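Novice: Residue-level listing of the chains:
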Amino acid sequence: MDARELRFAVEELQHAYVHCLDSDRLEEWPDFFTDPCRYEVTTYENIEQGLPVGIISCDSKGMLRDRIVALRQANIYGPHRYRHVVSAVRITRVEDNTVTAETNYAVYRTMLDPVNYGHSELYSVGVYQDMIVIERGVARFREKVVLVDTARILSLLVTPL
Amino acid sequence: MPSANESQSPWITWTKDPTDSVPYQVFLDPAIYEREQERLFRGPIWAYVGLEAEISKPQDFKATFLGDTPIVVNRDKDGTLHAFVNRCAHRGALVCRELHGNRARHTCVYHQWTYDLKGNLVGVPFKNGLGNAAGYPADFQTSQHSLRKLRVASYQGLIFVSYAQNVESIEDYLGPAMRAHIDRVFNRPIEVLGHARQFVSANWKLYAENVRDPYHASLLHLFHMTFGMYRSSQGGGVTFDAKSRHTLLQSYRRNEAEEVAAYKGTEVRTYQSKYSLSDPSVLQGRPEFPGLSIQTIFPSLVVQQIQNTLAVRHIIPRGPERFELIFTYFGYGDDDAELQAIRRKQANLVGPAGLVSMEDGHAAEIVQQAIVRDKDAASVVLMGGRGIADEESLVTETGIRGFWRYYRDLMGFSGPANVTKESESWMRASSVSQ
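Chains as they are written, first to last, in this note's numbering: chain A, 1 to 161; chain B, 1001 to 1434.
Okay, chain A solo, but in the shape it has when bound (with noise of 0.2 Å):
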């Protein structure tokens, strides 16, 4: 893969991961990570003072899994839509097929409950550091860390970031 087609495969991938959370189709979700994978979010609080507890820590697909059916089946939480807008990647390392890069993420919800329906707010910046590897042409997460700047978390998080 050459340094274009390596670039087109990480965009397509964050897109397609963006694009797939905001759609509500969170059960595919699992299905961008490989297993064993990392899926953290967290605060410049807790990585600034090397601390290890953030707000969620996964470290396998199954973890995702069981988070999307709490999320439908027991979670409760005001309806809501997501809208993720992505920056442009920068890829800060590769080696063999593995890629280091970091994407600046900013979610605005949209309420979906009878009080505040259509109110639409910046839910949530921060920036994606993530490992991805790409095995027979797809590109998957091994890593994703959500560093999150919004640390004030408007009144819980139970959509994936």
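No lab work stands behind these hints: they were computed from the structure. Note that the coordinates shown come from a computational prediction; the quantities given were computed from them, not determined experimentally. Ideal placement from N, C-alpha and C gives every residue a C-beta, glycine not left out. Wrong hints could be hidden among the right ones.
[Stated by the list, open to error] DMTMM-like mimics (lysine to aspartate or glutamate), calculated; alpha carbons at most 25 Å apart, straight line:
| no. | chain 1 | residue 1 | chain 2 | residue 2 |
| --- | --- | --- | --- | --- |
| 1 | B | Lys1118 | B | Glu1168 |
| 2 | B | Lys1274 | A | Glu48 |
| 3 | B | Lys1118 | B | Asp1183 |
| 4 | B | Lys1274 | A | Glu27 |
| 5 | B | Lys1274 | A | Asp24 |
| 6 | B | Lys1375 | A | Glu102 |
| 7 | B | Lys1274 | A | Asp31 |
| 8 | B | Lys1243 | B | Asp1334 |
| 9 | B | Lys1057 | A | Glu28 |
| 10 | B | Lys1375 | B | Asp1076 |
| 11 | B | Lys1118 | A | Glu28 |
| 12 | B | Lys1274 | A | Asp35 |
| 13 | B | Lys1057 | B | Asp1076 |
[Stated by the list, open to error] If we take Cβ atoms under 8 Å as the criterion, some of the chain A residues that face chain B in the derived model are:
| no. | residue |
| --- | --- |
| 14 | Ser60 |
| 15 | Met63 |
| 16 | Val69 |
Let chain A serve as the given structure and place chain B on it in line with the hints.
Specialist: Frame of chain A; chain B shown alone:
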């Protein structure tokens, strides 16, 4: 309409005794919020503001809040803790503008008034003038312009501050039952593992009710039920301090023999679930505490122990219809790598994205949304009867009733004569004992 002798105070209809009915006005009224900041957060209470482990070294500081007042807690060179209001004595600017750090002095950026770690003013630029400028008048004394100092007390590494001079000792404030539980959780040096912040569009007291309410636990929080882990064989109960302001909710598993017996009997309701966890490692733990405990220390602290997740939650009011919740997760200094990993993984169960308990903030919000036009309507807090006493049951709202009784006393809201008399007598007693 305001009563004649309390025209400056919010007027509230709250005649039920005991507090089995709470007028929604308390969650809405800006005047009540103002009065809380004065009579409650600046009243004869100790408010949790942080952990000693967060400011472990000399000169470490942390900027935080007492109610909605910005404050600084720091550690002097000799290790002593000090706290003061984060407002320059000169023209009112925020003196400490960082979340945390290490400083020998605090200097206000506006005119560089400088304070030591006790909050004393130690430096004023051009105090004696410069050139033709006269400087401060001769009667100006730096000693008269310290930062507003707060009383500080630490109990087992939990830092509390008080605005009031006449507050009882922290040991008496917590009381023996609450101290015993804190002693169990903080039984050896802790290590902070992380922070999480949650901003909820609801009055802070809706959360104060939630953490005193074991009735909702298995009804609102469906994670365990959904994945087939419901156990009615869990025992538990509610414990108060003597003034019903603090609450300890505990749910504990029985020992193995009792568990088996309960399972074979009719007591257990087995729950067949369609769903099972793909990766149950999130629940794998190590025996450490019996079951689960949520301890609430009035007004701003929750100490949680859920399996191996240990955390304190700091409740910060942000106006009548907003509050912030800061979770600080911790383990012990002597945790091995495996136990650290367990705590880290189990942290997925709690906090703003907690699989088990993310719903609490939302529950507060949907109350706030619905009561908007009905300040004179009131809630029903009758589960378990009307009493305020320790209970050997989790299906009870006694903890909520206890909270409101103490709150009403502090706020001076009219209640039936016996409640008022009782509150006056203990207020008198506590000021005499200082």
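Novice: Among the hints numbered above, which are violated by the structure, and what are their numbers in rising order?
Specialist: 2, 3, 6, 8, 9, 10, 11
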